[in-house]
Structures are given as C-alpha cells and as structure tokens.
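Protein chains: 2
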Amino acid sequence: MLAFLNITQGAWAEDGYDLWLRYRPVPNAQAIQPHSITAPGHSPTVKAAVAELTRGLTGLTGQAPATDAMLRDGALWLATPTDSPDIARLAPGLTKLGAEGYAIRSLSRDGKAVTLIAANSDRGLLYGSFHYLRLAASGAPLARLDVRESPRIDLRLLNHWDNLDGQVERGYAGSSIWDWWTLPDDKGARYTDYARANASIGINGTVLNNVNAKAESLTPFYIAKAAALADVFRPYGIKVYLSVKWTAPMELGGLKTADPLDPAVVAWWRAKADEIYATIPDFGGFLVKANSEGQPGPQDYKRTHADGANMLAAAVKPHGGIVMWRAFVYAHDNPDDRAKQAYSDFKPLDGQFADNVIVQVKNGAIDFQPREPFHPLFGAMPKTPLMMEFQITKEYLGQRTHLTYLGPLFEEVLRADTMARGKGSTVAKVIDGSLDNHRLTGIAGVANIGTDRTWSGSVFNQADWYAFGRMAWNPDLSAQAVAREWAAQTFSPAPSVIDPIVTMMMGSREAAVNYMTPLGLAHIMATGHHYGPGPWVSDLARPEWNPVYYHRADASGIGFDRTKTGSNAIAQYAPALARRLADPRTTPERDLLWFHHVGWDQKLAFGETLWNALVHHYDAGVADVVAMQATWNGLAQQIDADRFAQTQTFLAIQHREAIWWRDACIAYFQSIAKRPLPPGSAAPAHPLDWYKALQFPFAPGNPK
Amino acid sequence: MLAFLNITQGAWAEDGYDLWLRYRPVPNAQAIQPHSITAPGHSPTVKAAVAELTRGLTGLTGQAPATDAMLRDGALWLATPTDSPDIARLAPGLTKLGAEGYAIRSLSRDGKAVTLIAANSDRGLLYGSFHYLRLAASGAPLARLDVRESPRIDLRLLNHWDNLDGQVERGYAGSSIWDWWTLPDDKGARYTDYARANASIGINGTVLNNVNAKAESLTPFYIAKAAALADVFRPYGIKVYLSVKWTAPMELGGLKTADPLDPAVVAWWRAKADEIYATIPDFGGFLVKANSEGQPGPQDYKRTHADGANMLAAAVKPHGGIVMWRAFVYAHDNPDDRAKQAYSDFKPLDGQFADNVIVQVKNGAIDFQPREPFHPLFGAMPKTPLMMEFQITKEYLGQRTHLTYLGPLFEEVLRADTMARGKGSTVAKVIDGSLDNHRLTGIAGVANIGTDRTWSGSVFNQADWYAFGRMAWNPDLSAQAVAREWAAQTFSPAPSVIDPIVTMMMGSREAAVNYMTPLGLAHIMATGHHYGPGPWVSDLARPEWNPVYYHRADASGIGFDRTKTGSNAIAQYAPALARRLADPRTTPERDLLWFHHVGWDQKLAFGETLWNALVHHYDAGVADVVAMQATWNGLAQQIDADRFAQTQTFLAIQHREAIWWRDACIAYFQSIAKRPLPPGSAAPAHPLDWYKALQFPFAPGNPK
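Those protein sequences? They're chains F and R, same order as listed. Here the first sequence is numbered in my numbering, starting from 1 and rising by one per residue. Here the second sequence is numbered in my numbering, starting from 1 and rising by one per residue.
Treat the hints with care, since some could be wrong.
Note that the list lumps identical chains together, so a pair holds whenever it fits in one copy or between two copies.
Here are the simulated SDA-like cross-link-like pairs (lysine to any residue), alpha carbons at most 20 Å apart as the crow flies [what the hints assert, rightly or not]: (1) Lys187 / Tyr17; (2) Lys187 / Ser138; (3) Lys302 / Thr82; (4) Lys187 / Asn334; (5) Lys692 / His529; (6) Lys239 / Thr527; (7) Lys214 / Asn702; (8) Lys340 / Ala578; (9) Lys317 / Val548; (10) Lys47 / Thr95; (11) Lys383 / Asp554; (12) Lys239 / Thr631; (13) Lys47 / Ser84; (14) Lys423 / Ala571; (15) Lys423 / Gly528; (16) Lys317 / Leu677; (17) Lys692 / Ala314; (18) Lys317 / Val266.
Derived from the structure by calculation, the hints contain no laboratory data.
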C-alpha cells in the first residue's frame, strides 16, 4: 500500500493547474453533508453544475455523491421554478435575484433535510453550485445555510490582449491559451477548465483578442474558431466578444473608407454582424480601441467617438449585442496633460451614445500604475453607462514574479468617492449603475492568463484573477475577505496557513507602490517592456511617453502640478473633491506627487521632509518584501514542495528587484535633489550610470 | 474506496506530459524482479539513476523498491569498476563500451540472483537504468538479461531553434520551454523532466538557442541563465551548447570588424570562451550558421568557412570545446542549382578544418523536405568529420497536427549508400566516423519541443523525438523496432495496441510524401510558413525561394533536370551512384522528379503515364490517411479518452488537409499538363484560384 500511496502523492503534485478548484480533502469532510445530488434540469448548464459538484464533493470528502431523481435525506437539490412549482415558496425573494442570482437554503422537504440551490435560470444554479463548493472547500459550516446572491454588475468580462500569432501583449504567463491553429477542430480540455474557473467566480464574458486588433479576426476563418470557443463556454454562462479594428471594412471589405457615416461602411458592419450572429447566436458584441496609440478610428474622418460607437452599435443591436468603446485615448498632437485628455474627449459626448454602447474607462487616467487616483470620467458622464477596465496582468506591478495582490487596488478604486452626487458617490456605484440609474453595467479585467501551467505565471497571480471575478460580482467585497476565500481554497482552510498568507497578500501591493512609485509618483518604468525602473528616460519621441514627463523632478522639488498653477487636471473632478485636491495639505499623501509639485524640503504629515519621506518609502518597500520572505519561509511545513519552492524563488527575485528599484530611483532622484540620504538609509549599490546602462531587449509581454 | 479510485483515475489522466516515461502498471508486473536497488556510487548521476528506477519500478509494479547498501536476492545492482573491483570480471568486455556504454547482466552473486547494470562511468549506469526500465515497461522478459550497449555516435544533440523572446522558429508546440526571464533563479521541474526524457533515449547535448542567433545570448546576463540550465542537465549527462552570431564581437564588443583573421576578433572570442567556461566548466561549444540566409559570416571578409570555424575552434580548444559549423548555405547571387551550392562551397575545404570542428549537414541538399535524396556532401569530405542535421519538428511534414512518423525518414537517410568507398558506404557510416575513421562524430535533431503539455504538440509527435534519440544512439535500429518500443511505453505493451499503431506510424510518412510531394517533388509549400500547398508561387525575390523553381512543370513535363543536360547536380555524388542517377530508368521512382524532367506521358515502372501516376500518388496519400483514421477508431476501447480524442481530432485535420494538398496540387499541375484525370480520380473540390487565394497570415512557427 505504501507504494500505491506513493504514486498517488506523485499524481497529486500541486502544479497550480487546478487553481482554486483543487478540491483536496478537507479536515471536516464529514461535515459536508450531501451524499446525493438531485437536479431535475437537463440543460448543458445543469449538467455542468452537477459534474462540478460531483467532482468537488468527491475530492473534498473522498466520497462520490450519487445523482438521484428522488430527493434523499442529506441531498443537494438544484432547482428552478420551472423544475418545481414550489421553489418560489421555498426560496422567498428568488424572483428579485434575476437571471444570474441564486439562493442556497438548508430546509426540510418531506421530512428530509436537504440543501436547496434555487435560481431563476440554470446559470444561477451553476453559480450557486460553485458558491456551495467554495463554502465546503473553505471549511465553512454548511448545516444551516441561508444565502441569497445576485451580481451587482451585469457584464463581468475578461479582456484577453491575445494576438492571433499566439503572443500576449503584456502577458507574463506564456503564450495565448487560444490555439487558433487547431481551432475549431480541437476543443481541448483546457478551454473547459478555463470556463469552469471563470464561472466559479462569476465571470460571464470574454473578449478573445487584443484591443490592438487585427482585422483578420473578423474573417470567416477566425469567426469559426471563435464559435468553437463559444460552444465550449456556453454551458458555463460565458459569452464571447471580439475586439475589432476600425479599418476592417477597408482591409477585409476593400472599401475606400472607414468613415462611420458612409453607407457602405454601415452596410459592411451590419453584414459582418449578421454573419457573426449566424455562427454565434449569443455573441456578446464588440470591444473597440479607436484613435488611441496609433489605432485608426472615427476621428480620422472628423467623426466623434459617439459616431463610431453608435454605428457599430446599430449593427449588433438587432441581435442583442453591445459595443464597449474604450476611453483610453491621448493624442500625439495634444500638448495638454495626458491625464486630462480622455475626459476632454469624452465628457462632451455624454448623452450622445446609443443605448447599447458602454464606455470602458481604465481605473486611472494614465495607465494601470501601481497607484493612480480614480479616473475623472467616473461620475462625470451621468448620461452614459461607464464600464471599469482593470488590468489583472501586472504590466506595472512586477509582471510575473512579484507577489503583489491586486485586491487592495481594486478595492481602493471601487470605494473611491467621486462626490459626483455628494458624499458616497463611489466609483462602484457609478459602474453598478445605481448612481445614475443605468441598465447597462459592466466591468472588465485584462486577463493574466496564458499557457503556463499555473495559468497566471505564478500561484499568487491566480489570486488577482480570482479577486477580479469576485469583486466584479460584488464590488463591496473587501480585498481581505476575498484573499481569505482564495487562500483557503488554494492552500488550506487552516488558520495557521490562511492568516500569514493573507497578511502577506494584503501588504504586498503597498510594498510595490513603495519600492516603485511612492507618494503618488507614476510611470517611471523602463521604456516599452516596463520592466524595472527608468525614471531618467527623457529621449522618447512623444513627451508623454517619458518618465520625466510624469515625475517632473528638478532642483526645487518633484511631482506633477495638476492644480490651477499647472495642468489643472483636478478641475475634472467634482468640485468638492477638486477643492480638496487643490491643496497639498488636504490631498491624500499617497497621491501627493500625482497632483502637486512639492519642494524637496517640504515637511509632510509626520514632520519629515519630502526627500527623506521619499527615501523612507523606498526603504519600507524593500523591508516589506523581506518580511514577506520571512512569512513564507515560516510556512515551509504547511505548503506542498512545488508551490512552496516556486513562491520562494519568486520572492527572492522580488527582493532583488525591489532593491534594484529602490537603488536606481534613489540614485536618480538624489542626482537631482542633491540632498544626503537620511541617516540609516543605505546608499545605492551602484552609481546611477550602472542602472541607466541596463538593457532588457527580450523582456516578455512586449511583442513587436 | 470507489471514490478514492475515482480521484486517482482523475489524477492519472493521460495529458501526454509524461511522454514515454509513464510507468503505468504493466500486466506482468510480478515478472519485474527487483525489490531493491543497490548502488554504491553517490554522484548526482547515480542519484538520478536510482531516483528514476525507484519512480519507474514503483509505477510499473505498484511496489516501491528499497535502496539497500547490501545486495539482496533479486536486487538491481548499479556499479562501475571503481565501485567494485570485480565488475570487470562480471561484465566482460565492459572496457570496450566506453564512457557512455553499459552492460546489463542477470547473474548470481554470493548465491543471490541479481541484475547487474555495469558501466565505466556513472553516465553509463544512468543509460543502463533507462534501458532496464524500457524493457520493463515494454513487457520484455527480464530474468536472463545479457545486454551490451554503447553509442555509435558521440555527439547526440538537440538543436533548439528557440528565440530569446520565447518564440520558436518552426515550432508547433507552444513557446520555448526556456523561460529566460525567470532563469537563473527558477529551475522549475520541467527542466529536469526534459533532461530525464533526453537521457532516457541517450541524447547528451542541447543547443539552447536558434541558429539564427542573437548576439545577446553571449552576454553575462544570458550566460548565467544557460549555466543554470547546465546545472540542471549535468547529472543527466547533457551538455549545453550555444548558437552564436558571427558579428557578436561587433554588436557586443564594439569592434569594427568580425574578420576571423583580425587579432582583436580572435582575442574577443577567446575571452568570451574563457568567460563562458568560467561559468559552465563543461560547456559543449558553439553551433554556427554563417553566410546563410542573410546571416553574417567569414565570407563577408573574403575568408572561408574554414577560416571562421577554425578561429572559433581555437577559442574553445583549451577548454575541450567544439565548433559545429553548418553547411546549409546558398547565395542570393549564385545562379547555380541551390541543391549544389553547399557542396560547391564546402567540398574544396575538405582537410582544412581544425580537429575540433565538425561540419553539420542537413540530411538533404534543400531543406528538410518530406523526402530528399541524401546530401551529396556525405561521403564527399573524407578528411572532415560530418554531423547529420535532421529536423524533428515537422516544418514540411504536417507541422503540429499531421501524424507523420519520421522514423522511416531517418532510416532511409541513414541507410542510404553514398558508394563513396564502394557499396555499403552508408550515410550512417559517414556520420559514425567508421567510413573515414573520424574520432569526432555527431548527429543533431532540430527539436520539436515547446510549452505544450505534450511537449511536442501531439502525442504522436513525441515519437519523432524518441526515434531521433534512439537512432542517434544506434543508427542501425529500424524505424519499426523503435516505433514498437515507443508505442509499448507510450500506450500499452499489448500487441492489440502496438500492432495497429505501428502500422499507422510506419505508413504515415509515405502518406505525407504522397499527398504533398510525390515522385521526388519538393519545396512546393506555401511561402514563409510552409503551411499547405503553394506549387504556383513564382513571384518571390530570389528564384530558389519559388516552388516553380523546384518542380519546373511546363507543357512538356515536370521535374528538375539535375543530369548533365541540366544542373548536373548528380555529378556531386560518387561516380557509381551518379551513373545510376543519370538515367531516369535506374533512378529510384521515389526520387524521379528530383533528378529528372519527365514528360507527362512518359510511362513509369508500372506502365502508367507520369501524369496518371502523379494523380494516383496524391490519391493514395489521401486514402492512407483515411485508413489511419479507421485504424485509430478501432482503438477507441484501448486508449485513454484524452489522447484518443486529440489524435482523432488531429487525424480529421490531417484528412481535410491531405485532400486540400491533393486537390490544390492536382488543380495546379492539371492547369499545366492539360490532361484529364485518370478514371476514378475525383476532380478537385474547388477551382485553382480558390486554392491560390487562401491566406494564413498568422501561421505558427514563422516568427517575424
């Protein structure tokens, strides 16, 4: 028997592929009641739910549950009002939970103790099943459940920046999981596992291709491939969307123009939409990056973003499709503060978009920095539904190797108060539609998924995918609660494991802010690949591509003056907030240099000079990584060998690179500030030129 | 218990990752004797051997063998003459087996029945252990073993055409398994599994980077990463090599020239070699693609290939390194038959190369076609060691999806008779050094390995990696015997499984020849990516890039006249062979159109006209794929679900694409031959223009 166990252990090696759906035996397995599952429905979605429950309960308890048409004592019962007329009575309030919501209730039925998962649709049953498994895997008590859940946001989407050649822009987890070449024939198991993982956290849509789109993704050749993926995803409640290139009618259709008001262009898009929907009847719609970073768009024809979006929206409207139009725009010929340009372009268009258009806005006004104040468009376009765009892949937050849990970033943005309709007008309320009463609501995350065995490049990066999904479902969830859920399922429900891991995770993003861009600094990464520090870069063609544009360090101080004396970007925020931001003393210290140019010797809240505080923040970032290493090392006995070793290795990389970031930035800023380091702070390991000379020509995530 | 088995089965899913080292229980497990392993040695290599035996025997028998310092009855005993002085007596002839050879003998020792694996070095013990496991996994009898093995060829290398950005040129199995970015820190388990797989088939070296090399791979940054891989591979007897870019002294060293006779260039390379060997003491040496397809080289400075190779050879000589200099050259300004140019360039250099240079020659004179006559350089450079370059990745043989087992191709080339020293002067004898008495011998295979879970893009593509290794060890092994070995370990030793699978495999390459390039045709693939047919292509800049250059179809007939009336390439072969090739009637029909321009109505051996025979070959290729599909479908009950389904899907793709190849080529050739199809042959499904219009802009394996 020893040998057999041996083999089994080998087979159980934790390579990370199973994500948070590991379903390993839990200590309190006997507390997990159900030995049978009763599900009257027969749709592929119900079958997927039953299959997942069977897989999960078998793994968690070591006992395969039976599936039984008759309700047995201790059964798990999946039913909609269509399946059983008294569901409405057994799950009061169900109707209000909508098409995706569900209730889970422990109740007695014909004298039998059963757990009812009730929903208005089979999708709801699937979500409820995953909820039940999450509770079971986390060791939560299951005997007296009374859960009611429905998503606050309707469109919960991943954006894959995946190119048709298999490379992933800003991807740090291998190449694209879409094997375009063997699709539509080969629908390998990984696609189903992708759908399972997404459904388990409530993600209900996926944009398959990069926003820097190739026209070819709209050819019949590629539409057939997208349709094959849609077939795999459909039972899991996941719709497929495509990014489109504005000039597709010219590139594919041979038209002379892509003017959105040209009848031939209108007709081309309408026919293309009809063609897609003939193949993918539940196709979600289009995502568009137009007139942005060199992409063509309606402005090339002196039309507005609204003209462009509405033309596409009309094409998909008959089929129930939508258009997601990105607000990430800044122009090479616009000398104004880059942080202001999206607002300047889009704010005047408020009210001009068709009712199946949603404008997709990045969380901040620049580009997915370790920290940015929330984007001023949130709260500023009351007549237009706005969709959040988060970046789950960590272009600016340590890429593959750094442990920087994004939950706190998501939380910080979602809870930020726009003050648009007075106190409490949070960003979450803008995007869930409640602030301005919008029907169309959405949130997107740029995926961190690739062919790496761990999906996300590391086990801890999986937490960012998880957190995005959970917080898209309920933007009020705390990053900490989500981290606990994730850690319990990913490692173990034991508090001796969860507690230190969650502590690491919760401090990790602030650590990265500190060793990269403390006190409101931003965009001082190296050019192109954004790997490592490059605050000295000043020679790029467009001013707003250069780090010096953002930090503006000079002999007098550092920071971007966005008050009236500077770019006046603060005027784009609601007046009550703008007033607060106008004064460095009432600006949150974490955003100080984002909004103000501050003298090196200016005293900050704790009485330190800005220069000393800056250095101390860099020191703190490094120290926090050292602390994470110690915490992780303390878990050696409680984590499987493979995941322990990789995380330990990656933390060592993070430590080395945190020091690199700190040293390079301090060396550079000191060359400008010309002030001594505060006592106790070590001098950089190398002279500034050493850091400047480093080159990383083949850094990942930066396809040519 | 049911549930537990259930989980176990799930964990045992056959995703292909384990290659031929699956070690699943075999029916005759009780016939596998050893319950203990005795290995006096303590080197990392011995430890690797014992670990592999433990893993393998545990898996095969369900019993973990003990490791014991004392020999027990039934033990497996791994020992070198250093370990035990009487090994020489127990394994007579061992000395002659060299540093990598081994003997395996069933014998009695102090009254105990033991199986001795004896070798002169720990590497030999490792190879012997893998041999033993191969026998055990194949269900071979193990009670009376008397095996003596040593490799016929010294350098048995993989060439990875892996770029530093992670893309693989001509790779169809995902991206590069070298994660340059997390090296040298992260030495993930996959690197060890790569080493295990290679050691199991005797591969003892690997060139990490593409022959189209970037200079950067010689920077300290990348040398440290290569060193980390070398550390992982060392216990498995695998040395690391690097491809180098000729102009590295200019790109990295700031020199004004790369002239091999310039003292500064000589000094740069010598210092670079010293630097590499300081980090990787057993570094293997350099592989060079120079003055080939746009790569720089010594001819840019009016020096010869020998001048270039010898300069590099001198740099690595003090460290025991070698230089592999590729003969794959053809020049844009040379109007002569491309098939002749490598010979023309290299033959005059015979005898001029340093003794640690080996010239690496592709198996044929063009480029890894489904079939080519052997390269005329084999046998033509008696004073120079020549190394074979095979392409394991199937650039021209169906890429990822087609089942085209390369064993028969390797066998055909290795057994081809150069007649250089009379009958029996086979290519195998050229490259194993026996024909011209060379000490330095080698064979390289362009790897088909990537991050795909199956490593090679499909389960059957793994057989090509396997066959390359086995036939590199012993070029006299038959493709069929190797296929049986592989199938037994990969699927099951049951004849009901092996027999049909080996039948499929053995016919599969000829099927591809037939549906792509029958009767000696070559290089009529589409441009760039080489995916699918393109016989009509005639508009590329260099004449020898165009398919029409190769097939030369016109109103009178088809084929490349390489006799005296044409390019006279046949004169590059030994006179006895050249005489035979001068006459179409004594030229093997399979190579007919390679050497001759033949009239459409010319009668071939079986009395058919060439045109009819051509069409019938295309028909036969398609029919063979249909037969393979039927054979595979018959195995449904005997193959696990995942590997069965993927192979079935890929065979369906192969079937569709075989028809595409056939139809497109027939449509095109018929437009020139202007003859009716023979009775019973179906007309192409589409008109010629339909095939010409097909575009595949993002086909894999063709990085920009």
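Hint check results:
1. Lys187 / Tyr17: This pair counts as both: shortest intra-copy Cα distance 18 Å, inter-copy 18 Å.
2. Lys187 / Ser138: Cα proximity of Lys187 and Ser138: none, with 32 Å in one copy and 32 Å across.
3. Lys302 / Thr82: neither (52 Å within a copy, 84 Å between copies)
4. Lys187 / Asn334: Neither way: Lys187 and Asn334 sit 46 Å apart in one copy and 47 Å across, limit 20 Å.
5. Lys692 / His529: within (15 Å within a copy, 39 Å between copies)
6. Lys239 / Thr527: neither (35 Å within a copy, 36 Å between copies)
7. Lys214 / Asn702: Close inside one copy (16 Å) and across copies (17 Å); limit 20 Å.
8. Lys340 / Ala578: Classified as within; 14 Å inside a copy, 77 Å across copies.
9. Lys317 / Val548: Answer is neither; intra-copy 45 Å and inter-copy 50 Å both fail.
10. Lys47 / Thr95: Classified as neither: same-chain Cα gap 23 Å, cross-chain 65 Å, threshold 20 Å.
11. Lys383 / Asp554: Answer is neither; intra-copy 42 Å and inter-copy 69 Å both fail.
12. Lys239 / Thr631: This pair counts as neither: shortest intra-copy Cα distance 41 Å, inter-copy 38 Å.
13. Lys47 / Ser84: within (17 Å within a copy, 63 Å between copies)
14. Lys423 / Ala571: within (18 Å within a copy, 91 Å between copies)
15. Lys423 / Gly528: neither (39 Å within a copy, 61 Å between copies)
16. Lys317 / Leu677: neither (61 Å within a copy, 51 Å between copies)
17. Lys692 / Ala314: neither (51 Å within a copy, 36 Å between copies)
18. Lys317 / Val266: Close inside one copy (13 Å), not across copies (70 Å); limit 20 Å.
When held up to the earlier numbered hints, the structure conflicts with 2, 3, 4, 6, 9, 10, 11, 12, 15, 16, 17 and fits the remainder.
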